[in-house]
Amino acid sequence: MKIIILGAGQVGGTLAEHLANEQNDITVVDTDTDRLRELQDRLDIGTVAGGASHPDTLYQAGAEDADMLIAVTNSDEINMMACQIAHSLFNTPTKISRVRSPNYLAFQERLFTPENIPVDVIIGPEQLVTKAIVELIANPGALQVLDFAEGRIQLVAVRAYHGGPIVGHELQDIREHMPKVDTRVAAIFRRDRAIIPEGDTVVEADDEVFFIAARKDIRKVMSELRKVDKPYHRVMIAGGGNIGATLAQSIEGRYQVKVIEQSYPRCRVLSESLKHTIVLHGSASEPQLLSAENIEATDVFCALTNNDESNIMMSMLAKRMGAKKVITLITNPAYADLVGDEIDIAISPQQITIGSLLTHVRRGDISNVHSLRRGAAEAIEVTARGDTYSSRVVGRRLDEISLPEGVTIGAIVRGDEVLIAHRHVVVETGDHVVLFLLDRNKISAVEKLFAVGFGFFS
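Read left to right, the sequence shown gives residues 11 to 468 (our numbering).
Just so you know, the hints here were simulated from the structure itself, not pulled from any lab data.
Incorrect hints may have been included.
What the hints assert, rightly or not - With a cut-off of at most 16 Å between alpha-carbon atoms, the simulated EDC-like pairs for lysine to aspartate or glutamate come out as follows:
| no. | residue 1 | residue 2 |
| --- | --- | --- |
| 1 | Lys12 | Asp44 |
| 2 | Lys230 | Asp183 |
| 3 | Lys458 | Asp183 |
| 4 | Lys226 | Glu145 |
| 5 | Lys458 | Asp375 |
Between the sequences and the hints, there should be enough to build the whole structure, so can you do that?
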């Protein structure tokens, strides 16, 4: 596929790396020639220096015969205008735009139509990040919570702790402890090394365990893997920007929420728009303020400013002063690798955004893509099509399917029914299959496996 990516920042660069490795024809456009040169030295891609929304720049990037344009510059207006130009002058089939401003997103259904602003897919990073944090707050003890099949099934990552119920035991013991709950451990990461789990795999303390189950069973399974954390009640948010404000608005009806914001005018705006949230003027890096607001009684402290260094320092301070859990927004991937145990969960807006973008870029009937462990692995949802003659998966038991190395099937969703992947389960056409890829470079092999026309006649 020929794809033009507008914007060579963290999201654009990471997306180019993903797609170039999957044998796509990629061209990246940006005004920063140094950044373009750095990307071209690492990746087999084309680059064009120029304004992302300029017709001559898009022509030079090959917009005349491009299959897709993905606009992820730092400017909503440039992204939207680029999609308009690509539609009006080059008739580009698929146009994806990152839009951050809630002022645009509030009118999304009326604005982004072929007759008005011709954007086929809107990616709102703030909304995606907010949704991820809401799930983490709703599932105490989880490191990552991912939805599949419209939320009917979830993939959850937890850390196994010393003294946990399953630590030191084989995975098959889970079924003995919970005969009425069906689940599957999709992968284990032990000291940054991936392990494909078998029934006799023994869970060790500090393992990062990814399991999949029906949404209603998540809490029961978590209780087997670790001591169950008590439900959260008090949430403190540092930073009242788009993400902080959206998060507070999303959860203030269910939790006691406080927002700390340095800008007094922004505090005024927040206090008028938030109904049940306490808005505080000040800095979350001030110990006196945290102490005065009972940080030791806070269940979750979320550092969500636009400054990585501030987020990290505020989180470490809050943790040392007694916050039970800290969630930290970190945009620089180098920082995410450096943070220690004092930061419980590091949230990467880039990786969350990349997953959403890849959902719309990947070939075949892929309806969900989630990046795991800062992009090292992926979980995808793909729909099985065809019949026993045209498909390599339909009509076959799971133990008869030849999966690429490092790929496991976690579950199947058939209508409203959730089927955890056991070897006797037979795949039917229309099934939504959730797969776990320890190596995201195996995606092309998975796409071929599920492609119709590769059955007995391949």
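These are the hints, each one checked on the structure:
no., hint, result
1, Lys12 - Asp44, "violated (24 Å)"
2, Lys230 - Asp183, "holds (14 Å)"
3, Lys458 - Asp183, "violated (35 Å)"
4, Lys226 - Glu145, "holds (14 Å)"
5, Lys458 - Asp375, "holds (11 Å)"
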